[in-house]
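Asker: Chain by chain, the residues run as shown.
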Amino acid sequence: MLPAQDKTRFEQLVLPHVDAAVNLARWLLRNPHDAEDVAQEAVLRAYRFFSGFRGGDARAWLLQIVRNTCYTWLEKRAPAELVTEFNEELHQVPLPNPETIAVQASDRAKLKAALESLPVRAREVIVLRELEGCSYKKISEVTGIPMGTVMSTLSRAREKLAQILGGNAAKEASNEL
Amino acid sequence: MNCELSATALHGYFDGELDAVRAAEFESHMQACAQCQASLNTLKSLRDGLQKSDLYQGASARLRTRIAEELGSENRAAAPRWKWFLVPAFSLAVLLIAIWVAVTTQHRAYSARLHAELIDAHVRSLQPGHLTDVQSTDQHTVKPWFDGKLDFIPPVGDFSPQGFPLLGGRLDVIEGRDVAALVYGRRKHLINLFVWPATREPAVAGEDSQHGYNWLSWRTGDMQFCLVSDVSSADLKELKDLIRP
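Same order as they appear, the protein sequences are chains A and B. Using numbering that gives the first Met the number 0, the letters of the first sequence correspond one by one to residues 0 to 176. Using numbering that gives the first Met the number 0, the letters of the second sequence correspond one by one to residues 0 to 244.
Dumping the calculated BS3-like pairs for lysine-lysine here, alpha-carbon to alpha-carbon at most 30 Å:
no.	chain 1	residue 1	chain 2	residue 2
1	A	Lys111	A	Lys75
2	A	Lys137	B	Lys43
3	A	Lys136	B	Lys236
4	B	Lys148	B	Lys236
5	B	Lys43	A	Lys170
6	A	Lys159	A	Lys170
Hints are computed from structural coordinates only; laboratory data are not their basis.
Isolated chain A (complex conformation):
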């Protein structure tokens, strides 16, 4: 139970980021309905822990709690998601060309499917960077990935996503022949 002025502070600082909370949960869980439940749980948790919030970026703080709540949820219901390794070195393969990606990425359904097929640890950095516009520092705060590793994690995640889309394009081309 928080004093009234803390409740007002929570409403001003944290509640504006409920959209971000739902969006992150939606992509981590790959399910729009569960996302709302888990985001709600995370916001309540944040409310209970609010006295431990020491100022700083309220969005990153809330998203960190959302991420933890999501991972706990996945551990219970989809543990296989979390054991998928994501550390392959993909740098040997050049990225597909910009035109191919532009065509593939303009198809919402294909893009959504490609993003959802990424391992969760790749998916989260892409969502935080491209949809949430987080800096590397914020990504590090939310995910706990060391600051010096965010860039390489993100590069592998993007390469993987680009290759899935490039692979789709190649398949479509061979079907047309």
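Fit chain B to the known structure of chain A by using the hints.
Answerer: Then chain B, alone, in the frame of chain A:
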């Protein structure tokens, strides 16, 4: 910079997260590299697609109402009924937490004080004439120089081939004790490596920045190491890995 090295830097450049030096390096590489130019455009296409495809899912009005209701009832909830047998357990927990907080706070304060002093020493060393007492790029000259001046022998290595030439060494005083300071170059910047045997003090490890200087500390065996410089923390890590492969 070749393509393999720049494959990751490409992403940092694209995200505006490279420091000025690395960004300039990447730009000059990219001017001559059609592959990196194309890759940069691929990243742009990918970002455009992700941002324009309406993939962002915000909170529904229903969820907002639910949260507002929950926060209301959370605040109205009655004070918890005390279960008396919990009191001793609770007291013990509070005591343990208090001890833990005291220890970590003390350690944190020690680390902050130590690193403030190390950064001061680094800044002092940049003043003319203060950098090195023994100026040599030869590890076999620098190492014996410490002999007799310190009650321990710091590990001295030259990493010129990897871009960290040894410039020399000097004695410095940190927390009232003599420490070895080795000076390395990195492009036009200087890095101080402070080394001392830390048997009594708690181990200090981690990295952070203060007043624009980065530091990176670790302990190997009973030797404490700390790198201080204005170069990026990535550079400091690279040097650390050379010192302690």
